[in-house]
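With the sequences and hints as input, model every part of the structure.
There are 2 protein chains.
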Amino acid sequence: MKYSRLYKDTLLNNVIPFWEKYAIDPVNGGYFTCLDSKGNVYDTDKFIWLQGRQAWTFSMLYNKVEKNENWLAIAKNGIDFLKKYGSDDNGDFYFSVTAEGQPLVKAYNIFSDCFAAMAFSQYAKASGDETVRALAIKTYFNILKRKDNPKGMYEKNTATRPLIGFSLPMILSNLVLELEDILEPEEIERTLDYSVHQVMDVFLDKQTGLIFENVFPDGSHDNSFNGRLINPGHGIEAMWFMIDIGVRRKDKALIDKAAQTIITILEYSWDTKHGGIFYFMDIKGYPPQQLEWDQKLWWVHLETLVALAKAYQYAGNEALLNWYDKVHEYAWSHFHDPENGEWFGYLNRQGEVLLNLKGGKWKGCFHVPRAMYQCWQSFENIETQIQ
Amino acid sequence: MKYSRLYKDTLLNNVIPFWEKYAIDPVNGGYFTCLDSKGNVYDTDKFIWLQGRQAWTFSMLYNKVEKNENWLAIAKNGIDFLKKYGSDDNGDFYFSVTAEGQPLVKAYNIFSDCFAAMAFSQYAKASGDETVRALAIKTYFNILKRKDNPKGMYEKNTATRPLIGFSLPMILSNLVLELEDILEPEEIERTLDYSVHQVMDVFLDKQTGLIFENVFPDGSHDNSFNGRLINPGHGIEAMWFMIDIGVRRKDKALIDKAAQTIITILEYSWDTKHGGIFYFMDIKGYPPQQLEWDQKLWWVHLETLVALAKAYQYAGNEALLNWYDKVHEYAWSHFHDPENGEWFGYLNRQGEVLLNLKGGKWKGCFHVPRAMYQCWQSFENIETQIQ
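Residue numbers (the working numbering), protein chains in the order written: chain P, 3 to 389; chain F, 3 to 389.
FYI, nobody ran anything at the bench for these hints, they're computed from the structure.
All values reported here derive from a predicted model rather than from experimental measurement.
Be aware that one or more of the hints could be misleading.
The list makes no distinction among identical chains, and a pair is therefore deemed to hold if it is satisfied within one copy or across any two copies.
Claimed, not checked - Listed below are the simulated DSSO-like cross-link pairs for lysine-lysine, each with C-alpha atoms no more than 30 Å apart in a straight line:
#1 K23 x K286
#2 K108 x K286
#3 K153 x K363
#4 K158 x K78
#5 K252 x K78
#6 K147 x K158
#7 K286 x K40
#8 K254 x K140
#9 K254 x K40
#10 K286 x K140
#11 K40 x K10
#12 K208 x K40
#13 K252 x K40
#14 K149 x K252
#15 K363 x K108
#16 K153 x K275
Here you go:
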């Protein structure tokens, strides 16, 4: 079967039906994301990242695939819950709430806000709802206001070692394109300039060609646990955000550099013994702090497939396609669950299922459907070019 | 070889020499704890838990094993560092500082303080230093003052689900005995009453016989990730603290209940497929949040050996000795490093070394030597009774 067909079929006939069937909370609204391998709810807490992400996914599908009213209703179910229960009096989004919407874990950083903003923006486009559109803008500027001190009073690090983290510029580079219909063009270009510079000049290390997870503001490195940390999935995911920006700006150099970086990171982080991509590594080969460093995570592999597909689509290098085939083979033979649908999230180093779940605190309706959609689109394009 | 002899020899000729040789920072004082498998320093950050714990270990050995002046000097090296760099203006102890003592991670909970207090108390006893004795008392009362809100402003949980954690009553039950020479008898008895009640009546579940990691203040359970969490190593470690209290109070019922609880937890958490004790479990068998749930950790197995040795010493049940032999066999054949000394800290579920280190952010000079000392003492006593 052609890749485009496989990814499209899986998205529409396997992944989306799974979340339509099992994730909706008909009583309180919002989504259950803690679903076991068969889709049964094993925990009812609601994690705001995942509420935003599922609302985004169904809005995006409505906008890009089909004007399916059920998808719009599912998106609205999450948007209404987020509007009602998602944020505190400052408009900062909680990390988690109970099934009924009572706050459980406070707004201790700005990533809940990022995914809420993405959801509001896509849903506003899908529904034409002006209130939600205004909420997307408000949330975006609240994120910018907090971006230099994203953890606020919850920041436990002193100023002794002023490292900056990769997550923020990485997510901004995607968020601002998500909010394209809503923000002023100057705001978009300014934030894209900032993100591309941060990602490609500050965090991308010239010497190794790898993305460091934490660096000093001038891009220099610190010989500490945080300073030595490599998060291959993060680096690769950011590269497809860069390719999207490169396509938008017709910047071939940016696309080529991103494509090369994907290969460099993959060569560095591929587990030659058991296959798959490591979760965390230490640039000097020292023991990482993260006990889960050698595990194989679904999102790392899916983001890699998206990055390789886009890179091959626009840079056309055969090495990218060879890597695609290799990662595709690993991912589909290990994460995909032919029995009950959707993908497992967490494997041990050996590739065995570590947690028998389809969703949890961090895995929801997002990486699998987004990657299925992106790979479908890229390969439809690639296959058309080849014919 | 007799167990008493093996544990004593390993303590004095293998474990202590390792830390004497590799952990001392001769330039700034304090200890390096990030040591690779051969003892080379791979990171110079200083974690306050581990500074306190190593100073405690060498003070304890001086007090209980031998008046070795080198041990006292090594203890002083850590005590001086803690006095100079360990705490902020409130007297709250940081989580970590640089090699030179500059604060890195703030005082976001009270466990650094607990290990500092233990160290000050043992060192005051060893050295007769009145300043350090006063510091032990001051630190202890600072802990009590913070105990109902141990994370202070860093607490991210709302009041929606007011679960209480097991760590605090557990550590208090040991800390107060550590500070026996320093605190008033009424203070000791009051805190022991509180701790025993919390551990044995509130956290120990009557129905399953297991210790829950988080419960409501009345001991009832919550069906959430935190509420379902079982930390077998914590539960078992607390049982030897209970046995120490039972011995002190001549409370045979407490000793027997603790001994039974050790067996119940072991039967629940032993990995029948690969051997060893799981790190985290979910009481309903759902996927835990902790990705490292199935790993085998050094401290879990060592605390289990101490608990079983003490339980067998005072409760004398053959089932305890059978378990001891089984855990001993697993631990010595997997954690012990005959090539370079000391023990590995982290194994994967299969029992292979996951992190090739002898010390890190959490593993220092503490669990291995303390357990070697405790097992040596218990078996010397047991073997004498048998002869």
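What label fits K147 with K158 when the C-alpha limit is 30 Å: within, between, both, or neither?
Both: 20 Å inside a copy, 21 Å across copies.
I want to check one pair: K363 and K108. Are their C-alpha atoms no more than 30 Å apart within a copy, between two copies, both, or neither?
Close inside one copy (15 Å) and across copies (27 Å); limit 30 Å.
Give the relationship of K23 and K286 under a CA distance limit of 30 Å: within one copy only, between copies only, both, or neither.
Answer is between; shortest inter-copy Cα gap is 24 Å, intra-copy 46 Å.
Can you tell me if K208 and K40 fall within 30 Å by alpha carbon in one copy, between copies, both or neither?
This pair counts as neither: shortest intra-copy Cα distance 46 Å, inter-copy 32 Å.
Given identical chains, is K286 near K140, meaning Cα to Cα at most 30 Å, within a copy, between copies, both, or neither?
neither (42 Å within a copy, 42 Å between copies)
When no copy is specified for K40 and K10, does a C-alpha distance of 30 Å or less occur within a copy, between copies, both, or neither?
within (22 Å within a copy, 52 Å between copies)
Evaluate K254 and K140 at a C-alpha cut-off of 30 Å and name the case that applies: within, between, both or neither.
Neither. Shortest intra-copy (34 Å) and inter-copy (64 Å) distances fail the 30 Å Cα cut-off.
Measure nothing new, just compare the shortest in-copy and cross-copy C-alpha distances for K149 and K252 to 30 Å and report within, between, both or neither.
Cα proximity of K149 and K252: one copy only (28 Å, versus 59 Å across).
Could you place K252 and K40 in one of the four classes (within, between, both, neither) given a Cα distance threshold of 30 Å?
Result: close neither inside a copy nor across copies, 44 Å intra and 53 Å inter.
For the identical chains here, do K158 and K78 meet the 30 Å Cα criterion within one copy, between copies, both, or neither?
between (37 Å within a copy, 29 Å between copies)
Given identical chains, is K153 near K275, meaning Cα to Cα at most 30 Å, within a copy, between copies, both, or neither?
neither (38 Å within a copy, 42 Å between copies)
30 Å Cα threshold - placement of K286 relative to K108:
between (36 Å within a copy, 27 Å between copies)
Checked against the numbered hints listed earlier, the structure breaks hints 5, 8, 9, 10, 12, 13, 16; every other hint is satisfied.
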